[in-house]
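Heads up, the sequence shown is in UniProt numbering, so the first residue is 1 and it goes up one at a time.
Heads up, a few of these hints could be off.
Claimed, not checked - Heads up, simulated DSS-like pairs for lysine-lysine below, C-alpha to C-alpha not over 30 Å straight-line:
{"#": "1", "residue 1": "K15", "residue 2": "K50"}
{"#": "2", "residue 1": "K15", "residue 2": "K103"}
{"#": "3", "residue 1": "K15", "residue 2": "K81"}
{"#": "4", "residue 1": "K21", "residue 2": "K75"}
{"#": "5", "residue 1": "K21", "residue 2": "K50"}
{"#": "6", "residue 1": "K75", "residue 2": "K15"}
{"#": "7", "residue 1": "K103", "residue 2": "K73"}
{"#": "8", "residue 1": "K15", "residue 2": "K73"}
{"#": "9", "residue 1": "K21", "residue 2": "K103"}
{"#": "10", "residue 1": "K50", "residue 2": "K75"}
{"#": "11", "residue 1": "K73", "residue 2": "K21"}
{"#": "12", "residue 1": "K81", "residue 2": "K21"}
{"#": "13", "residue 1": "K50", "residue 2": "K103"}
{"#": "14", "residue 1": "K103", "residue 2": "K81"}
{"#": "15", "residue 1": "K73", "residue 2": "K50"}
Stated by the list, open to error - Computed beta-carbon distance windows for the label pairs:
{"#": "16", "residue 1": "E71", "residue 2": "E27", "range": "35 to 41 Å"}
{"#": "17", "residue 1": "E48", "residue 2": "Q95", "range": "16 to 22 Å"}
{"#": "18", "residue 1": "V79", "residue 2": "E27", "range": "15 to 21 Å"}
{"#": "19", "residue 1": "E84", "residue 2": "M108", "range": "21 to 27 Å"}
{"#": "20", "residue 1": "G107", "residue 2": "E72", "range": "15 to 21 Å"}
None of these hints come from the bench; they were simulated from the model. Note that the structure is predicted; figures quoted are calculated from it, not measured. The beta-carbon is built from N, C-alpha and C at its ideal position, and this holds for glycine as well.
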Amino acid sequence: MSEETTVDTQELGEKIVRVIKTIYDPEIPVDIYELGLIYDVFVNEDNEVKILMTLTSPNCPVAESLPMEVEEKVKSIDVIKDVEVEITFDPPWTQDLMSEEAKLELGML
Numbered sequence: 001m002s003e004e005t006t007v008d009t010q011e012l013g014e015k016i017v018r019v020i021k022t023i024y025d026p027e028i029p030v031d032i033y034e035l036g037l038i039y040d041v042f043v044n045e046d047n048e049v050k051i052l053m054t055l056t057s058p059n060c061p062v063a064e065s066l067p068m069e070v071e072e073k074v075k076s077i078d079v080i081k082d083v084e085v086e087i088t089f090d091p092p093w094t095q096d097l098m099s100e101e102a103k104l105e106l107g108m109l
């Protein structure tokens, strides 16, 4: 692999986060990253991505579509080979996971 095609995984991670920040919870006007729904993003040297995320509740109306949207949008980054989105409720989401920005946006600060 030539140096030009090698993608810095940190740079790729930042790209992934930027893409994730375009996805919103339909019930809350804040993106899912700022809401704290993304627990972890792993990128291996083959540019395969695994995203560990949660939902605001197990009965979330977008429980089916939100992970798919995350997967599709992240897959749209040219260099990404594969994306796996895993949903976990351990630990369960709480408002404490929200960023200051999200709390501010929702008038919680």
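Hint check results:
1. K15 with K50: holds, 14 Å
2. K15 with K103: holds, 24 Å
3. K15 with K81: holds, 14 Å
4. K21 with K75: Status holds; Cα separation ~14 Å.
5. K21 with K50: Satisfied, since the Cα-Cα distance of roughly 16 Å is no more than 30 Å.
6. K75 with K15: holds, 11 Å
7. K103 with K73: Distance ~25 Å between K103 and K73 Cα, so the pair holds.
8. K15 with K73: Holds - the C-alpha atoms of K73 and K15 are around 11 Å apart, at most 30 Å.
9. K21 with K103: holds, 16 Å
10. K50 with K75: holds, 11 Å
11. K73 with K21: holds, 10 Å
12. K81 with K21: Cα-Cα ~20 Å, so holds.
13. K50 with K103: holds, 27 Å
14. K103 with K81: It is violated: about 34 Å lies between the C-alpha atoms, which goes past 30 Å.
15. K73 with K50: Cα-Cα ~13 Å, so holds.
16. E71 with E27: 35 to 41 Å: Between E71 and E27, where Cβ atoms are some 21 Å apart, the hint is violated.
17. E48 with Q95: 16 to 22 Å: violated, 32 Å
18. V79 with E27: 15 to 21 Å: violated, 33 Å
19. E84 with M108: 21 to 27 Å: Distance hint for E84, M108 is violated at roughly 32 Å.
20. G107 with E72: 15 to 21 Å: Given a distance of about 32 Å, which is not inside 15 to 21 Å, the answer is violated.
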